[in-house]
Structure formats: structure tokens, C-alpha cells
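Using the sequences plus the hints, can you model the full thing?
Mapping the sequence shown onto the numbering used here, position 735 (from 1) lands on 811, and the numbers just tick up by one.
Worth flagging that the hints you see were computed from the coordinates, not collected in a lab. Because the structure is a prediction, the values reported are computed rather than measured. Just so you know, not all the hints are guaranteed correct.
In the DMTMM-like style, the derived pairs of lysine to aspartate or glutamate whose C-alpha atoms are separated by at most 20 Å in a straight line are [unchecked claim]: (1) 1140 to 1168; (2) 1200 to 1099; (3) 1077 to 1099; (4) 1077 to 1143.
Beta-carbon label-pair distances, calculated as ranges [unchecked claim]: (5) 1197 to 865: 47 to 57 Å; (6) 379 to 817: 29 to 39 Å; (7) 1214 to 1037: 18 to 28 Å; (8) 1165 to 265: 42 to 52 Å; (9) 359 to 178: 38 to 48 Å; (10) 192 to 627: 48 to 58 Å; (11) 301 to 1249: 44 to 54 Å; (12) 223 to 194: 16 to 26 Å; (13) 543 to 1101: 15 to 25 Å; (14) 359 to 1007: 35 to 45 Å; (15) 194 to 266: 26 to 36 Å; (16) 361 to 225: 51 to 61 Å; (17) 1037 to 379: 41 to 51 Å; (18) 301 to 1163: 48 to 58 Å.
We put the beta carbon where it would ideally sit given N, CA and C, even for glycine.
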Amino acid sequence: MATADQSSTNGTEGGDVLTTDAKDLMCEKLLASEEMEQKIPTVYHQFVSPRTITGPANQLNVTKGAIDWSYNGLVAYGSNYTVVVMDTTNMQPVQCLDRHKAIVNNVLWSHRVRSKVDESASVELMSSDMTGHIIHWDITIGTPLVVLQDGNKPVLGMEWVPGERNELLLATLHAPYYLVMWDINKQTKLWKKGFLDNIFFFQFNPFNNAEIAFMCMDCILFLDDFNPNKIPSSNGRKFYISSPRMGESEDINRARERLKKLMKGLVIGDSKPRPEDTMTVSECLGLSYHRSLRHHMLLQYPRDILIIDLHINQTVGIVTIEKTMTPFVQVIPARQRDVLYCLHDSGSVSVKVRRKAGAATVLASPLDMPDPINSVDVMTGHSADVFLSYEHRCQSEVIRQMKGSKVLAIALDPITEKNIVLLLGSGKLVHLELDTISSANLEDTPLCLSQMFRPAYDERCVVPPLRLMTTGLLSAVASPLTVIRMCPPLTTRNRSHYNPIMAGGTLSGTVQIYNMATGIIEKELALHNQPVRGIEWTGLTSFLSFAFSSQTGKVNNELLLTDVQSGQSTPLRHSRPAENPIDMVRVSPLRQYFVVVYKDGPFELWDLKGLALLRTMPKKFPFVTALEWSPVHSVKSLQAKTVQRKSIEDSTIISPVSESGSELVAKEHLVFSDTESHLYHFSVDGSTVRDGIKIPPESGVGMITCIAFKSNQIVQADVDGSLNIWDLKSRSSRNSHTGRGWIRKIRFSPGKGNLKLLILYSDGVDIVDLKNLQYERLAQLKCPKDMVKVVDVDWAAPDTPVLATEDGCLRIMDCKLTQSASSLSDYTFKDPVCCPALLPPPVYAHLQCLLSTCLLGTPMPAWSFSVEDGFALDQLQAVNDQVSMMRLDLLDRAGHDTLQRSLTTALLLRDQPGITFWTVCQYYLQVAASCKNGCEQKPKQMEHHDSYSVSDLKRVNLYPHLEPLDTCYDVLCDPYAYQRLQLERVGVHEWRRGDYKHTQKVVERLILLGEMDRAVQLLLETDLDNPHYYTDGIKACLVATIQSTGAAQSTIKLVATNLIANGKIWEGVQLLCLIGKGLDGCRYLSSYGLWESAVWLAKSTLPPLETLEVLRKWAEHLIGLGEKEMATLVLLSQGQASRVLELLLTHGQVVRAGLLLLALRDIRYPVDKSLFAAVQTRFCEHMKACEPLAGAMAKLQPVC
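Spelled out as C-alpha cells, the structure:
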């Protein structure tokens, strides 16, 4: 509500009537023009909407969770109190979400895009702050969907509960030791679990949804029974890490010796480390599950990365750096290939690639790998390293940073895994891209990491030379800001080339140019060596700026005129001695003159055209506290002079030029106030300055701090918070007391007849409307209650004020001062936002189908879609915008191969489930095609036999010409690759075995994997004084002399059954595997709910038909749990294409089912006619909007 006025307008009781001759004369002079100002249209070519342009990021913003790269391609990060969303393809801001009242410390994207009621896309993310608030956002509308809170302690971490059945279940970690489960769909808290130790970080196991790792003060806590539907019953298992201190006499400068000592000395267990130990969890910077290797974890230390095998709780690898290199800040493991991205304190990013087993040592640094341990590869017989080792492949350049700034975090693109963004303390984002040096042009650039080289365990793997290049930069608002100024407003004359830009000056002397429509920092000009104190525009592309060091005493003033387009600046005051600081600079409306006002000194009048000083006021002249030019100029006088010269046709331009080259000038007026609040009027005509009239202050008015002049109103603001509003036409004045103290700045909104006034106080901002001689408060903002302290204000457009805040942000607000964000449809972007997920889900699915299928060939030579392709007219532009930013040359290369086109389309559209599906599908359809073409013959030992022994299984790579699936696919890998990986891993376990318990684990694995000789050898190594010496000896004899006769098998099977019935499951399974009854062992394991172990045993030891039986049952189990995607992949890996088609139809994935049917038809894979017809019919119904495609699909016939 507006503040009550102290007095009313003229003619009403209590009004101050202006009856002096001086006031009348001044009114006549100021109203001499027929029009008060040019009409300013409110239609903008680049529409300015509420948004936030952020500055430096706070150190608290980075807790390894304040930046996240989504599957849809957008990056979100916390910058002080704001969540920023950016487009990494075009390096432009997309959205700024500004509702937090504390530092944002976590952001997390939702993996799925939901459809709204109007079928538009809802792209969602979560953010949390240091006071425990959790906000669920829809970035398309820019407003919160829900705000959650559990106490006022900081949220230390957020993770989505993995699994399809757990959609939008959020786990959050609250200080000091609480884990809270939220149902975001229902906006409710499910449960809250307290632990006994302070916890700083947590992460779900990407290979097992029931496992969580917590990082505590002095240990790692593992929770193995997580279930989102109930509170965990246990407090987890604690593990400690310690390393003995090395002696001073030891030569620890040698990296290889140091690494050997660390590997031997590291101990992981349930006992606390000793005080003298050097490497403990308390020194650990972070932990992360290995995303490419199951049962492995990375522990990050300043100069080392430990790789731990969680099955044996032993360190199996260390990545270390040279002493000359800066410490690690963050490590991100990739998924597609075994690659580590390491952020260093210097701002550089290094890439470590898993060393191929048995490969020659070629290192850029001798510290990248220790001496190899001589051993024999369990499958090839060649010498190999039995521990995980990584080699340094490339490193980006060091990022030069400003004083006090540092690197904060990096984020990895989850789709390509070769693109990185680096967040700096200055708020800047640096985009890096990993590429092969041989990629000379864009067409040769791999689309993702998995296309650069083959898996590390593949014999044909050759890692090409790599490089990490800087490809983009997004600047931030330089901080701290001292002043902002918007360029002149839009008019009828400049609308064709108008660009809504604002200049901002900083404490370091730089001036930045911001595009207020796009939110992009277009230029940064290093103009001054001292803090910028003021900026005034002299046109649409040039401005005056002044700077000085101190606010007190004599200073060296700097005054420059700068051209924005060229960046050239012209100093206007050369070699001046120390003088009073410049208080303000004001440019006349016709851009003919400007005034330089000094603090406690006379002002100067300058000619803007010739950059010449016209007049310096005498020393006895009153000191100016506020000054403003009159927007009322003598247009009639200017027009009369123009007609007389007859040299200019357009009489409305500002400065017409005669034939002789001399300019026509018009009389301009200025008003100012002195320290005693007297108001003065001056007029300037050419080189003549006419002294005006002195008007005494009105009663109750304090010292004037600023003046605003627009139309027929002059507004003066004083130190007491009062506004003196003077209407020239009615010759009346009124005082309005705001009640908020010292008024620092007032500014009228642009636009004819728009009398909104923006008022800046020490503790906030007001917007008032002075229309119809009324004082009406439209909005109020108080600091720090509603926002951090406001440094400066201005108008970006008639209804959009801009606030420069103390946290280094520019907040473009609405007129209610409540919104600093808008919906995406209201924003202006430099380029279309590269995010296919922003398309409505039905349109997205339709586009995916058109790009994947080749029934119609390529849509058009220019790859431009039309209404005939089934798109609505209002969606056509958005579709073509997204298509234009894709690498469609990859689809051209795929030709008519439906499988390759589908995989490429999934990559282009950033469809992660689709990428996984088509990657697995591609391998196993290639296997099916190879078998069908008779390239390989199935060996006899792979056929099913009742009496089958594990040791008889021949591990032969049947398809060496095919690129295998990498280790991230785990149980989906082919049998040869999976068995090889398990044998390599048990070799590492054997190498790292420390005590008897570990040895027994290794023996168990060797027996299950059929490595009987090695198992017997380990059993015979048991010490004589060990209480298990006798049983191990008997067990060694049993393994060595096992017989395949019927009687022996019956006896062993009976014993195994009794052991399993008495709870000794693994002992019984070992016996079953000894006699070739691994399938029975899998059945027992699955009946006890040990599905993970049953699948491991089947994939590692059983022949194809028995493996199929186990995995088919597992797939049905997964379907019952709601894990449809994983069940589909499991069946696909077993060659059950028909069952996969049925599942896809059942679950409504019609497009994927249709494309799979086409891919099967391409390789002439037989499909049942009824199933073929069902998929064909559903697909045609789904694609009925595109009649040509549906018609082509309907004509297809099944392959016989």
C-alpha cells in the first residue's frame, strides 16, 4: 500500500501553492515545447523478461553436488542463492531459479520428463540449501512445484532412489546424521533414519539398488539392506583405512617404491587406525562407486586415488600424481569406458584411461603406474598386471584465475561422457571436450566416449592419442558491482536496430555489457584502473564512465568515452592534478552536452559532439547534490531552423547537419539542487549558457539527494525519505513521506505516459506510480528479509526493473518485485535451446520414430519436417530447431540400417534408456546375424548335457570380430567376456589375499569358476597350526579326486542338499559345482532370494541353455518387481527377441517394438506371424498422423 501523503495537490486543503514569479517563469520555460518527449513504443524485438544474471559462486555452493549435468543436455548449478540452468551446446543461460533464502548446496536433475495436462514437457530438478529447504522445480515455468523441509540443518546430499519402480523417490542426507526418504509425487516424507556417526556424503551403488555407502568422519559406512518402503533395520558396517608411516630414511621420492609401500601397507577393516597412521578416511576428499566396474569404489585423496574391491575389502589399485602437479579436487569415473576425469587445484583436468592388460608401458609420467607384478594372465597366459592401473592420456590447459578465485567442481555429460563443464569461483563456466587428435573435422568426431576406443579388456583395444580442448565459455557478472546503467530506451527511430543492453561497472575497473533480453554478457571491457563510480550512455553504442579510488579527500579522476562496438575508449581529462571526486555525469536528452559534477565543487559543462569543455562554474557557485536534464526541449525552434536551411528532409532527427557541415542545435534545460535544497534552472543554447532561476526549498524538505524529471513532473528525493513531487502544468507540488530513510536513487520508467518511479533505499526498493497526480505504491522489497542488499537499480524495460545485488547478481524483476524468473516461452534466446526433452513427449516420440526408421528414406535433403510428417503446425518450428542442431550426417552414414539409425537417434535425442537398449540390441543382433550366416559354428561343449562339469567348459571367443559390451553392462555381457572378467578379478583377489578368511573366499570363487588346480594349491598352503588345516586338506583331496560316476554324484548331491538346508548355502553350492550341477546350485540360490549370486554363477559357469533358464526366471522376477527395462535387456542378451517384442507391447513401448521388428527384419530374423501382425498393427495406429510411414509399415511382410 502507498504511504499516506503529507500534502495534497494544488487547490485542496493542505496543498503548497506555488505563487512566486520565479516558479511561474520556470514552468513557462520548461513547457515551451508542444510535446514532452518522443513516443516510446512498448513492443520490443528482444523482449526483456524477469530473469537473473548471476555472478560469482560461493565456496559453499560446491559440496560435490551443487552442479549436475542432466540426461536432457542441460547443466544446473548453484550460484549463491540461485539455481542456474544453462545450455552447453550454445553456451547460453536457459533459466535462473531464485527462491532460496540461503546458499544453494545441492542440485539434482530428474531422470524422466513427465507430460503435463496440456501434453507439454515438464523438465524437473531438485535443489537444496544450507537451511534444509528442498525445492522441486519445473524449469519450463520457472516456479517451484513444492517446497520440502525437515529441520533447519543443511542438506548434505541428494540422490534419486535407483530403479524404475522407485520413480521420484528422493533420498536426502541432513546434518549431522539423518537419512530422509521423500515421495516427490505425493509430496510427503516416508521415513527418517538416524545413524550413530556424523555423515558427510552418501551414494547408491549403481549396480545394486539395495546398497548405500556413507562417508563419515573416520570411516566408511556401508548399508546393505536399503529398501525405500521401510526404515533400514541396521546401522550399517564400518570400514576403516590406514597406512603405516614411512621412515625418513626411505627413498620415498621414487614413485614406484612409494606406490609399492602404499599397496602393501593399506589396511581396510573394522578396526580403527592407529594415531601414527598417515592415510586415513579423515583425510579423504570424497568417495564414489566405480561406474564401470561392479564391486569397486574410488577414494579420493589430495595426491592419490585408491581403488578398492568391495568383495574382499582390499585396495587393488592406486592412481598417484607427481609432486610438481597440483592436488586433486574432484574425480569423476566414466561409465561407458574405464576412464577417470580428474580435476586439479590449478583448474586443469587430466584424463586417466584403464591400462590394457599385458600392454606395454608407455607413460607421459613415470608416476602413473607402479612396477608391474609378474604374473600370468589367467586366460591368455601372457604377463599382465593383476591390479587396476591407469595411464595418463591427456590434460587440459591450466585455467588462469583472478585473485581469490578457485576451481569449484566439474560435471560430466552422462550421455557422451566426453564433454565436461568446469565451474570457477568467479561464476564462469568452461566447456571442455575430449577428442582424438586424428579427428580433423566435425564428421570424424566421435559422438560419445564409447566410440573413441574399444573396451580395455578387448584384445583389439587401441587407445588413440587424445586431447582435452576448451570449446566454450560462459561469463558471469563481475563482482563486486558498483553501478549499473541501462542504454537509452526504444524509440520509433531506433526500433530496427535496438539492442537492450546494460553497462555495469565493477570495483576492479572493468565495465561489462549485458544483453538484458538473452541474459548473456556480451563484452567485458578493462577500462579503468580504479573502481567505476558512474556510467552514462551517450547513445545506443557509446557511454561515459568515470572512476576514482577513494570517496574521501583528493583523487585522480578518470573520465572515458567508450565505443561498445569497437571497444575503443577516449580519455576526456588529461593530466589533471588531484581534485575532488566526480559525483555524477549527466548527458543531455539530445546528446549535445554533458555535465560533470564534483563532490563539494562546481560542475563543468561539456560539448559532447566536440568533446570540448564549454564552461566551468566559478568556485563560489553552489555545490550540486542532485542534477537532471529536462526531457523538454524546443522542438519547434529546431524545426524552424531546419526549414530555413532547407538542407534536411527529416525534421525529427536529433542533430541535422547543414550543407556547410555546421550542426543545428536546440536549446536544452537542466535543473539541479544545492546543499541547502535550493532548485536552480539553467538553459544551454549552442555555446551560450544562460543562468536560470533559483527556487527556495519547500518546508519540510531535507537535503536533496537525487532528482528525476519526466513529462511534466519533477521529483526530488531527500535524506529523510521524503519525495517532493512538482507538477509543471498544474503548478502544484506535494510531499510524500516514504518512511524508509535516506533515498539513494530514483528513476522513472521509460515509455510515454509511464510514471512508475523506482526508488532505492539503504534497506530495499520501492516502486510507486505518480500517474494522475497520485502517489501509489505498487511494490516494496526489504533487505535482507526479502533479498540480499541492493547496490544499484535501473529500468530494463517499461515494466521490468533491474536490481544489482550484493551477491553479484543482476535480478530483472517484475513490477511486483516478486519474480526474477519467467517461463521459457517468455525468454529471448540468442540461439534455440538445444534440448530435445523440451518437446512435448508425444512429439518427441514421433520425431524419434521418423529419425530412426528408413522406410521413407531421409525425410528431406535439408532434413526439414513439415505438417505432412505428422507434426502440428504450432510444434513444427520447435521440432525443426532441434533437428537443425543435430549431427544428421551420422544418420546419413547409417543408411537403411534400422539398428544403427535407432542407436544414433537415441544418442542425438539423448535418450539414455534407448541408448542402453539399442547398444545391447546391436551386439546380440550382430551375434544372431553371424550365427545365421554360418560365420561361426557352435562348439559341441556348449550344448546342454545332464552330466556337465564346470572344468570342461572351454572359454572360447566365438565372435572376435565384434566389439564386445564394456564392463558397465555387467551381466549383459557375452559369456566369454563375462567369464574372462570374473577370472581376472579372482586373480586380483588371489594376489591381494592377506589372511585365512580372504584365502577361503578366493578358494570358493576358484571352485565355482572351475579352476580346480589353483583351488587345490591354495588349500594345501594352509599352515599346520591352523585349526582348519585338516578340513582344508580333506577338501583339497575331494576337489582333486572328484569322480563323475553316478554313485559319487548322488552322495555329493545329498551332502550338498543337507548343507544348504542347514544354512550353509555356499558350501552346498560348491559341492554341486564340483559335480557339474551348477544349475541346481542356481536354483537353490534363487529360491533363497540370492538372485544376484544365482545370475553370477549362471553367467560364469553354465552352458547357454542352462544360463537361459536361470536368466529367463530372473527376468520374470524383475518384471514382478516393476523393473521392466532391465528384464527386457536380460531377455535381449539371451536372444529372446520374440519375448522382448511381447514385453515392449505390453508396457506400451510401441515405437521401440516397431523399430526392433524392423531391425529383426533387416537381418532376416524369423518372427511369429501373429506377433509380427500385432506389432505392425500397433505401430501403424501409433503413427497414423504420418500416413506415408504408417502405409509403408503396413505393407511389410514377415520373414519366412
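How the hints compare with the structure:
1. 1140 to 1168: 17 Å, holds
2. 1200 to 1099: 50 Å, violated
3. 1077 to 1099: Given pair residue 1077, residue 1099 holds - Cα atoms ~17 Å apart, limit 20 Å.
4. 1077 to 1143: Satisfied, since the Cα-Cα distance of roughly 11 Å is no more than 20 Å.
5. 1197 to 865: 47 to 57 Å: 53 Å, holds
6. 379 to 817: 29 to 39 Å: Given about 55 Å between the Cβ atoms, the range is violated.
7. 1214 to 1037: 18 to 28 Å: 26 Å, holds
8. 1165 to 265: 42 to 52 Å: This hint is violated: roughly 29 Å between Cβ atoms.
9. 359 to 178: 38 to 48 Å: Violated, at about 29 Å.
10. 192 to 627: 48 to 58 Å: 53 Å, holds
11. 301 to 1249: 44 to 54 Å: 47 Å, holds
12. 223 to 194: 16 to 26 Å: Given a distance of about 24 Å, which is inside 16 to 26 Å, the answer is holds.
13. 543 to 1101: 15 to 25 Å: Violated - the Cβ-Cβ distance for residue 543 and residue 1101, about 58 Å, lies outside 15 to 25 Å.
14. 359 to 1007: 35 to 45 Å: With a Cβ separation near 54 Å, residue 359 and residue 1007 fall outside 35 to 45 Å, so the hint is violated.
15. 194 to 266: 26 to 36 Å: The hinted range 26 to 36 Å holds for residue 194 and residue 266, with Cβ atoms some 30 Å apart.
16. 361 to 225: 51 to 61 Å: Given a distance of about 29 Å, which is not inside 51 to 61 Å, the answer is violated.
17. 1037 to 379: 41 to 51 Å: For residue 1037 and residue 379 the Cβ distance comes to about 43 Å; the hint holds.
18. 301 to 1163: 48 to 58 Å: Hint violated: Cβ distance 20 Å, outside 48 to 58 Å.
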